[in-house]
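Enquirer: Required output: the full structure, derived from the provided sequences and hints.
Here is how the chains run, residue by residue.
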Amino acid sequence: MALKLDHVTKRFGTFTAVNDLSLEIPDKEIFGFLGANGAGKTTTFRMILGLLDPSIGKISWGEIPLNYSTSHMVGYLPEERGLYPKLKVRDQIVYLARLRGMQKSEALQELRFWLEKFNVPDYENKKVEELSKGNQQKIQFIAAVIHKPKLLILDEPFSGLDPVNVEQLKDAVIALKENGTTIVFSSHQMHHVEELCEHLCIMHKGKPVVHGSLKEIKRAFGKKNLLIHADFSLESLKDFPGVVKAKPTMEGSLLQIESEIVADSILKEIVGKGFIRKFTLEEPSLNDIFIEKVGASYE
Amino acid sequence: MNNFWIILIHTYLNKLKSKSFIITTILTVIIVLGLTNINNIINIFDKNGGSETVAVLDGTGKLFEPFKQQVAVINKDIKLTQYKGNEKEAEQAVENGDFDGLIQLDFNSEQMPEALYKAMSIADSSLFNDLQAGLQQVKTMMAAAKLNLTQNQLQKLYEPVGFEKAALEKNAKTEEELNQARGLVYVLLFVIYFSVIMYANMIAMEVATEKSSRVMEILISSVSPIKQMFAKILGIGLLSLSQLAVFLIVGYISFSRNMESLSDGFWGEFGFGSIPVATICYAVVFLLLGYFLYATLAAFLGSLVSRIEDVQQMITPMTLLVVAGFMIAMFGLGKPDAMFITVTSYIPFFTPMIMFLRVGMLSIPFWEALTGIAILAGTIIVLAIFGARVYRGGVLMYGKSNSFKDIKKALQLTKNE
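Note that the protein sequences, when read in sequence, are chains P and Z.
Going by the numbering used here, the letters in the first sequence line up with residues 626 to 924, in that order.
Going by the numbering used here, the letters in the second sequence line up with residues 1242 to 1658, in that order.
Hints were generated in silico from the structure; no laboratory data involved.
As the structure is a prediction and not an experimental result, all values here were calculated from the model.
One thing to keep in mind: the hints can contain errors.
[Unchecked claim] Covered stretches of chain Z (in silico footprint by chain P; criterion: 3 or more residues with CB under 8 angstroms from a CB of chain P, positions within the stretch not fixed):
#: 1; segment: 1247-1259
#: 2; segment: 1451-1464
[As the list claims (entries may be wrong)] The calculated lysine-lysine pairs, modelled on BS3-like cross-linking and capped at a C-alpha distance of 30 angstroms, are:
#: 3; chain 1: P; residue 1: Lys-758; chain 2: Z; residue 2: Lys-1380
#: 4; chain 1: P; residue 1: Lys-830; chain 2: Z; residue 2: Lys-1650
#: 5; chain 1: P; residue 1: Lys-752; chain 2: Z; residue 2: Lys-1468
#: 6; chain 1: P; residue 1: Lys-832; chain 2: Z; residue 2: Lys-1650
Backbone N, C-alpha and C fix where the C-beta goes; we use that ideal spot for every residue, glycine too.
Expert: Take a look at the structure:
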């Protein structure tokens, strides 16, 4: 039942928002969908949800096409948060849940379960406009998952939350995944993606620039980070062969190097020059990869 | 339950429970009760039976009695008292509130009566008019006596000329019927006008609120925008019918309780003595069709704005259309058979009011009304199909601009190349 996007293109007039995107999102997994602002993420989500039709290509979920007859199996947390400000939490969750095919009593029961889980049981009879932004977000999250969707799309679920709330939501997302929900998730915070996703895709100007499992992507990137703390100046390493970038830190320098072998020659170079407190070879962070793949065009 | 019904009922109940709706309904019910009890209300304020007292300073000594008799014929609520003191004292008495006014009677050079009326304010023209008419009668009688006219001759002189109107067209309404119809049509036109403006506004606001609060995106990911739009239109339509039903029931009960005092007087002139059922039926049909036409328009216009503040600006052209229709209808009340009225009654945006005016005031053949209704219904269908497409794209568009160019953008958004 994997979610499959098959050579999907979406054009608005002369502007191409998504260009020949092919993806296969494995079942019961959290899939990270990254990209700079305007890369085509929201448009892709809208196409998956059937709000927009692709200009070319098709989207299917297992054997069935996604449309309004499958809406009770799909949950959506939009990037721009939205709830009826004047309605009570209970009324609006029940309303939205019923539109996803739930019974009223069942929806109420689920709502209470989630409110309890997020430690806010007394919000049931409050109006949304009375809640803080972070708490509104929890309500919004409940609205997206209350009907136990099989496919869940989370557009920036953690933006604007404090660390405690982020942890709460993250735990909820992981629990949903363990219960067999397929989750597509977008974020600008790379460490969330690194923590949660096994597979991911980075979009740039409507095209996927990186696509695959997190490990493979890191391995394929090749470059490593080398962190050196030393008592002497590391200035000269900037021009050392194999060093791509050098960034001075408080206690030494952070180097980006082409491969592991370069680290070996650097070590030989600096040994004997003075006291070396720290010499660590690190995997590149997703942040580095993102900046390199997407940021390059900004420079 | 089907999603369509869930949205419809949610929209209906949500609006029904809203404070603004309850307040408007109660206020209007009070106004309806007030209008239908107008005679009782007037009586409450006129505790002393509406009688007014006037002091008469008769400088001739001959005029008071005939004057009193004539005034009594015109209005028996006016009490005239012959004042014995001088002018100053009489004025003082008026100032003290003992009398409503003071009238000085005298003869002029031709020995005919003349008068000076004094009161604290001369705003009460009906009392003044009655007194003047009374004195006029006295003068006429005296003049007639001078000319030696007999009572018979005098009557002949004042007999009104025979003058009647007759329409040659078959089934045409008589003058009296036309006057009655005019009142009823006038009131119902107002009802149509206000309902269309108010509920179309409500739709546009509702759509814009959902869009600006971004709940729209969740809604349309569970229900197709088209289904959602029509469920909303019908939900608010149901609301309008409920509200009108309340007004009609309250109005009818209150009206029939006060039937006797109302059917002559103010309301009688407005044609409520006997209410023609056909006119009411037409009113309901045109009200509903007018509502659907403008509600569809309002829904898709509302879907184009991103912020609630922009709604009014966006639907102004639509409101102007309704106002224009109403103005034409007001003009048509006096001249319902004008060519201009006939032509505009077939223009769908005006049909609800102007065709209604024509069926209410004239005896037009049934097929003409039916043609108007058919054109209107056709337009509603076309507008609904077009509106649904704009709506589908419009609800996904966010941005600063809110011009009619956005319609094109919205259509483009839903297009499959």
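Enquirer: Evaluate each hint against the coordinates.
Expert: Going through the hints against the structure:
no.	hint	verdict
1	1247-1259	holds (count 4)
2	1451-1464	holds (count 12)
3	Lys-758(P) - Lys-1380(Z)	violated (86 angstroms)
4	Lys-830(P) - Lys-1650(Z)	holds (21 angstroms)
5	Lys-752(P) - Lys-1468(Z)	holds (27 angstroms)
6	Lys-832(P) - Lys-1650(Z)	holds (23 angstroms)
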